[in-house]
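Q: Using the sequences provided together with the hints, build the complete structure.
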Amino acid sequence: MSRFTGTVVVRVAMFAALICALAGAASADIYMVQVHHTPELQMMGQTQPARTDTGSVWVTSDKVASLTGDNTSIIVRADLGKMYMIDHGAKKYTELPVNFNDMVDSIMAEAAEDSDDAQLAQAKEMMKQMMGEVKMTVTPTDSTQKIRDWDTRKYVAEITMSMGTTVSDMWVTKDVDINYEALWSATNAMLAILPGFDDMIAKMKAIEGMPVRTITTTTMMGQKMTSTFEVIELSTKDAPAGIYEVPEGYTKESFGKSMPGMGE
51 MSRFTGTVVV RVAMFAALIC ALAGAASADI YMVQVHHTPE LQMMGQTQPA RTDTGSVWVT
111 SDKVASLTGD NTSIIVRADL GKMYMIDHGA KKYTELPVNF NDMVDSIMAE AAEDSDDAQL
171 AQAKEMMKQM MGEVKMTVTP TDSTQKIRDW DTRKYVAEIT MSMGTTVSDM WVTKDVDINY
231 EALWSATNAM LAILPGFDDM IAKMKAIEGM PVRTITTTTM MGQKMTSTFE VIELSTKDAP
291 AGIYEVPEGY TKESFGKSMP GMGE
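Just so we're aligned, residue 51 is where the sequence shown starts under the numbering used here, counting upward by one.
If you're looking for bench data, these hints aren't it; they were derived computationally from the structure.
Hints should not be assumed to be uniformly reliable.
Said to hold, decoys possible - Here are the simulated lysine-lysine pairs, BS3-like style, with alpha carbons at most 27 angstroms apart: (1) K113 - K185; (2) K255 - K113; (3) K142 - K113; (4) K253 - K224; (5) K302 - K274; (6) K224 - K204; (7) K224 - K196; (8) K287 - K302; (9) K196 - K287; (10) K132 - K142; (11) K287 - K113; (12) K253 - K274; (13) K253 - K204; (14) K141 - K302; (15) K132 - K185; (16) K302 - K142; (17) K204 - K274; (18) K132 - K224; (19) K255 - K185.
Said to hold, decoys possible - Derived Cβ-Cβ restraints for the label pairs, each shown as a range: (20) K185 - G299: 39 to 47 angstroms; (21) H138 - T210: 29 to 37 angstroms; (22) E258 - E303: 22 to 30 angstroms; (23) L130 - Q195: 34 to 42 angstroms.
By construction, the Cβ of each residue, glycine as well, lies at the ideal position given by its N, Cα and C atoms.
A: Below, the structure is given as structure tokens:
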């Protein structure tokens, strides 16, 4: 494997891990405060440290804005077909397409300065083989649990692709007066980066209610990671002006430079 191909593989693999972690996080303008815990993640020589964040999430039918406790945020604009990863402390952001093929092309173009056409073709084929077609199953269970003030029912959602699987135990409530169609449309915006997401849209809409606790185990490239999302506050209200926009004056940087070990 060439250095160029290996670099592209790492970037896409780590980005896919991020998307899988986010898949159960979005919830619909809905405002949430949630706690997210992830252990240390090591993948292909790259390390993401363990962390626990308390963050806020704003969601509409076609936009998601998630702000974490370390002053970073992710904005998904399904209406524009784009995702933004923002570092507010450094006033920098990364932009990626919310489409698998476009995302791979974007990352490859960024890494292609010292490569030739043959290397580009090899890397792109590897990405397609790694991801493959993404398949999803959603299974309702009879398990129930009281979480805060909400009565919940457990659903198990499994996402399978050639590079790994993600299994989410989702504790779902119908006690919240929200538009669930908008809720799952927003979640699907998070998943649209994955190939085969059309099938996932229909299956996720079968979940009756809103997840207030999600325990996700991702097994990818020989590594296993379990992350937990839990909603601790929930309401419906008007979002602050500009919450779904990249702030003015921020500098755009490449995706590679925004990932550990990928900068020049």
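Q: With reference to the structure, classify each hint as holding or not holding.
A: Tested hints:
no., hint, result
1, K113 - K185, "holds, 24 angstroms"
2, K255 - K113, "holds, 17 angstroms"
3, K142 - K113, "holds, 20 angstroms"
4, K253 - K224, "holds, 17 angstroms"
5, K302 - K274, "violated, 32 angstroms"
6, K224 - K204, "holds, 12 angstroms"
7, K224 - K196, "holds, 12 angstroms"
8, K287 - K302, "violated, 30 angstroms"
9, K196 - K287, "holds, 25 angstroms"
10, K132 - K142, "holds, 16 angstroms"
11, K287 - K113, "holds, 15 angstroms"
12, K253 - K274, "holds, 25 angstroms"
13, K253 - K204, "holds, 15 angstroms"
14, K141 - K302, "holds, 9 angstroms"
15, K132 - K185, "holds, 23 angstroms"
16, K302 - K142, "holds, 6 angstroms"
17, K204 - K274, "holds, 22 angstroms"
18, K132 - K224, "violated, 30 angstroms"
19, K255 - K185, "holds, 15 angstroms"
20, K185 - G299: 39 to 47 angstroms, "holds, 42 angstroms"
21, H138 - T210: 29 to 37 angstroms, "holds, 35 angstroms"
22, E258 - E303: 22 to 30 angstroms, "violated, 41 angstroms"
23, L130 - Q195: 34 to 42 angstroms, "holds, 38 angstroms"
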